[in-house]
Every structure is written in structure tokens, then in C-alpha cells.
Amino acid sequence: MAVIEIKNVAKRFGSYQALHDINLTIDDQEFMVLLGASGCGKSTLLRIIAGLETQTTGEVWIGGRRIDHLPPKDRGIAMVFQNYAVFPHLTVFENIGFGLRMQKLPNDEVKRRVERTAELMHIEQLLSRYSGELSGGQRQRVAVARALAMEPDVILMDEPLSNLDALLRMEMRAELKGVLAESNTTAIYVTHDQVEAMSMADRISVMHEGRIVQAASPIEVYRDPAERFVAGFIGNPPMNFLPAEPTGAGQWRVAGQTLKGPDLNRPLEFAIRPEDMTLSDAGLKAKAKVVEPLGAHLLVTAEVDGTLFRAVLDSDLKVSPGDVLTLAPTPDRIRWFDPKSHHAVQ
Amino acid sequence: MNARYLPYLLILPVTLFLCLFFLYPFILVAQQAFYADGGWSLKNFQDVTSHWKFPISFRNTMLLAAAVVPVQLALALLMATMVTRMQKGRDLILYVWTIPLGISDLAAGIIWLAIFEQSGFLNSMMSGLGVVDRPVNFLSYQHPGIVFLAIALAEIWRATAIMLVILVAGIGLIPKEYYEAAEVFGASPWKRFTRITLPLLRPSLQTALVLRVILAFEIFAVVAALGGTLFPVLMGETYAYQFDLLNGGAAAAMALIILAISIAFTLIIMRALRVPKGATI
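Chains as they are written, first to last, in the working numbering: chain A, 1 to 346; chain B, 347 to 627.
The set of hints was computed from the structure by calculation and includes no laboratory data. Some hints could be false.
Claimed, not checked - Here are the simulated DSS-like pairs of lysine-lysine, each with C-alpha atoms no more than 30 Å apart in a straight line:
#1 LYS522(B) to LYS434(B)
#2 LYS104(A) to LYS537(B)
#3 LYS73(A) to LYS434(B)
#4 LYS399(B) to LYS389(B)
#5 LYS111(A) to LYS537(B)
#6 LYS73(A) to LYS537(B)
#7 LYS73(A) to LYS522(B)
#8 LYS522(B) to LYS111(A)
#9 LYS287(A) to LYS340(A)
#10 LYS287(A) to LYS260(A)
#11 LYS399(B) to LYS7(A)
#12 LYS389(B) to LYS111(A)
#13 LYS522(B) to LYS177(A)
#14 LYS111(A) to LYS73(A)
#15 LYS104(A) to LYS522(B)
#16 LYS537(B) to LYS623(B)
#17 LYS73(A) to LYS177(A)
#18 LYS623(B) to LYS104(A)
Build the full structure now, drawing on both the sequences and the hints.
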């Protein structure tokens, strides 16, 4: 059992507050992704869990044991680094076995575990090579194998796929997810790539300016963003926003149209995902600016009431720049945000 | 200009310089060494190696190198590791530590002579403290151990920094992530030094050791200042053949013997510290 509990963790570098009061519980064998733009503190949080960085305040617990004062090796963790950190002077075999050798395991045990994890990562034919003779993808596999060979309670990954090309990244994504699911470890995975986060995570913690703004399942983060930042960060293209004025009894005026919404009497922001709209007789009037046929669908960048607005439409539709489209938002996909607090409003 | 020939054109001046001032004199020296009694012979080599002072000066040179270079290597590694860990004042410390590099070897020898000689600082201090009644002549034939120690100390003080500079640059090239990975996978600070720093530093260690060992075989001025004729070394004998005995052929033969020893040790060091293909950073 390796539940990870992060309690009130804050980190300050000089006068810069990198993390503010982080509280997060990660379940046993859960795949948790820390997602955010660069500089949001996600790597700092991971490094605090790893023991490569010390928190200014707060506690980190793994498996019911407080570990934030222990050196990395006593925390029951293994880590995969962004630049792989595959030791260049050691063969693939010795790289995978590095941690096992440090634990002074007997030779046959080291050999057994190295060979098993190498097989798992499909690199058994590379065991006698040096890292200089490997491709980026192969090095990545060695780095993952080295972590898995430790049979850790927790595996930490810091943007492990960001240095691979797009096709390889997609391939490794699926493979990594499968391997980790079988290994029964708790995983924390840092990335700035939302597709990676969506496709791999059991749960995503979206981070922004040193805070966790939402920790939820990928579909919940996508469908019900807790904050405007999440709505704008997740999804490509991101959510559309328009100002909304209440007209009473749960009716809202959005870009000249009347829509049903929460029964409140203060201005809100209306939000809708580009794919959650259909062409209709009644709806928002959007003047098409740029039309991008993407094969599977048609991405239309338009203007609604002077605001940039994107719609993902059926690729069979004939739309030209200058056309005025009437877009009807799917009612149960409409979300509302408070323009002051930026929180979602039910 | 054809781009294929440009690199050769650019190295032409330095090649010419080296040919004129190194290769040509070297050929002359070689000629001189293998020429005696009006013909080609090994007589010069037989003469110098059969001289009673040759085994002593050979042994002294080797002993000195064997005593000085390992100490310098250990010190340079320690100092380089310390400097690399420093956040502030790193450059200042580095400058201070490399000051002896700017001092000529003869001047360094004279500085240490001022410490060890009969009227030197060490004697003044010891008689001031009442340890000795009258000044001791440390650098005399009665104290060969102290002569050796004084020369070794002066050499260590003078020439450790050249290794330090090379090793500091080498350590700077090792990415931090390797140390973090080693730490996460359970390597203690000592293990990180022996398993990460040392092997990844091999190219720099190679350069530093080759340079230092060659210079150690060429030791001359420090010995001349501190030991005089009490402690004969190969380079001192070469000098004596050339300028005291006016035997150019013998001096040339000695020079070639020192060259051969240097080449042999260079090859041994290169071989011992070679980096396997594909195993570079």
C-alpha cells in the first residue's frame, strides 16, 4: 500500500513562492498526473516528493510513514528523469541494475530483475550497449526499466516523454500506461502536455502559479473545469468564453441571445467547448474568419459579438470566411464562471 | 576558395611554425644523439646509461613522480569537488588556488628554499619556539629524506593547480541529473563520487595526468634550487652534460630517453583511462 499524502507543502526560493500550501492525496496504485505550464511548480512538487528538494513547510507521507526528512533512497521511490539520466559510462545492464547494486543485492538477483524488466520494456537485446549507442526512445526505455527494476512503491516521472518525437511519444504513452498498470505501483507523472495527461491519468492535478486548481478524473477536468484557468488550459482548441448578463429567473443574455443558466443576479461568464455546438436556426451569430479543414472535422475561427470564438463542426459542411453561422450550444454542456473569482458556478 | 581546402589552409601557419621550431630541432637532436665518433652509433646512449649517476637520477625522478603525482591528483580532485559545490566566491577561491601556476618553477624552488635553508623561516620559527638550539641545515646530504620532502612539497604546491583547472572544467561538464539519478537510486555521496564523477571524468583525468606526469619527468629548476647536486634527476643530468661537460651528444641522448619515458607513460595512462566507444557523455 503506497498512499501518498501531501500536507500543506509550500516551497519558497528566496523571495519567490514556488508552491503555496499544497494538499493532495494520491491513492494506492493510482496514476496521478501533475499538469501545468512551465513554471507552475509541478516539477518542484515532484522533486520534493523525491527528496531532491526540501519543502519550506509541510509534510509528505508515503504508505502511512512520514518521509520528508529521509534521503531519497529511503523513501521507497524510483524516478524517471526528463533527460533520462542514463549513465553514459555504464552498459544498459548496469544502468538498469544500478539501484539494485547500490542495495548490494546478490548478483543472480540483480541479473534476474534486470533481465525481467528489460524484457518488459523490450530492450533485452540492448543490455550490453552503452547509452551513446542508443536512440532517444531506447534511452527512455532504459530509464523506465531502471526505475521498475527497483520494484518501488512509488514511481515518479518528470516529463519523461517530452524529448521524444511525436509518433514515438504516442507509442510510448500507451506502452508506459500498460506497463505501469501491471506493476501495481503508485505513479506521479509530471507533464505540460494535456494530451498525455488526458490519455494516461487516473486523475489529473492541474497546477497554476504554485497551486493545485483542480484534482479530478480527466473527463471531469475536461467537462467540468473548476476554474476558468483550467477551462482555458485544457482542450485544444480551448473553451470559448462570452460575457453574460442576467435577465432574471435563470435567463441570461449572451451575445444578443437568451440562454438558460443559473438563477443568480450578477454578471457571469458563459463558456462552451468548440465541439459542443451545432449549426441551427436559433443561436449565437458567429462571423467566420478562418476555416481550417482538419480531415476529421472543420475548425472554424469566428467572431461573436467582437470576441474570438472557435467551433469544431462536421467536415462535410461548406463554410467560407465571411459566412455568418448560427451556432446553438448543447444545453447540458454550457458552463458558467464567476468573472471575479474565476470559479465555476453551478 | 574551395571549402575542402580551407581547414588545411587555416592550420598551415601553425603547422609551419611547429615544423620549423619543434620538428626540425627535434630531428637535429635525434641526429646528434645517434651520432658519435664520426658515424651512426648507440655510443651516446651506452655512455649515459652506464654512468654511475644514471640509475640514481632515474630512480630519483621516478620516485619523485610516484610521490608527487598521486598526491596532486587526490588534492586536485578534492579541491575541484569543493569548488564545484560552492555557490558564492567560487571564482575567487579558484583564482587564489591557481596563483602558484603563475610562478616560474625556479622562483617556486627559491620560495621553498627560503623556508628550508639554514637561515630560513622554518629554522627561525623553530629556534624562536625553542625547539632547536641552533639552526639545522635541512637541505644537506645528512638529511636526504628532508631534501626529498622539500622538493615534493614545492612541486605539490607549485603544480597541483594545473590539474585542478582541468578537473574543474571536466566536472562542470557532468550533467547534474546524473547525480540526482544516482542519489534517487541509493548512491551515497562517496559512491556518487566513485561511480559517477570519476568514470565520467576520465577524459579530463587523462589530460591532467598525461600533462602532469610529463612535467614530473622534466622536473629540474625546483630540484636545482632545493637539492642542488644532492638529488640528481634526469633533467639535471641532461643540463650537466650539455653545459658543464659540453657533451652535446650525451645531452641529446638523455633528452631522447626522457622523451621515451614520457611517451611510454602517456600510452599507459591513455590505455588505462580510455573511454569505451559510445560511453561518452
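Right, here's what the structure says about each hint:
A C-alpha spacing of about 18 Å is found between LYS522(B) and LYS434(B), which places the hinted pair at or below 30 Å, so the restraint holds. Pair hint LYS104(A) plus LYS537(B) holds up; C-alpha atoms about 12 Å apart against a cutoff of 30 Å. For the suggested pair LYS73(A) and LYS434(B), the alpha carbons sit about 29 Å apart, so the restraint of at most 30 Å is met. For the suggested pair LYS399(B) and LYS389(B), the alpha carbons sit about 17 Å apart, so the restraint of at most 30 Å is met.
With a CA separation close to 21 Å, the supplied pair LYS111(A) and LYS537(B) stays within the 30 Å bound. Note on LYS73(A) and LYS537(B): the hinted pairing holds, with a Cα-Cα distance of about 13 Å set against a maximum of 30 Å. For the suggested pair LYS73(A) and LYS522(B), the alpha carbons sit about 17 Å apart, so the restraint of at most 30 Å is met. For the proposed pair LYS522(B) and LYS111(A), the alpha carbon gap of about 28 Å is at most 30 Å, so the pair holds.
Between LYS287(A) and LYS340(A) the CA atoms are separated by roughly 29 Å; this keeps the pair inside 30 Å, and the hint holds. For the suggested pair LYS287(A) and LYS260(A), the alpha carbons sit about 23 Å apart, so the restraint of at most 30 Å is met. With a C-alpha separation of about 77 Å, the suggested pair LYS399(B) and LYS7(A) falls outside the 30 Å cut-off, and the hint is violated. Taking the CA atoms of LYS389(B) and LYS111(A), the gap is about 61 Å. The hint is violated against a cut of 30 Å.
Note on LYS522(B) and LYS177(A): the hinted pairing holds, with a Cα-Cα distance of about 28 Å set against a maximum of 30 Å. With a CA separation close to 21 Å, the supplied pair LYS111(A) and LYS73(A) stays within the 30 Å bound. Taking the CA atoms of LYS104(A) and LYS522(B), the gap is near 24 Å; set against the 30 Å cutoff, the hint holds. With a CA separation close to 24 Å, the supplied pair LYS537(B) and LYS623(B) stays within the 30 Å bound.
About 25 Å separates the Cα atoms of LYS73(A) and LYS177(A), which keeps this hinted pair within 30 Å; it holds. A distance of roughly 28 Å separates the Cα atoms of LYS623(B) and LYS104(A); the hinted pair therefore holds under the 30 Å criterion.
In this structure, the hints that do not hold are numbers 11 and 12, in rising order.
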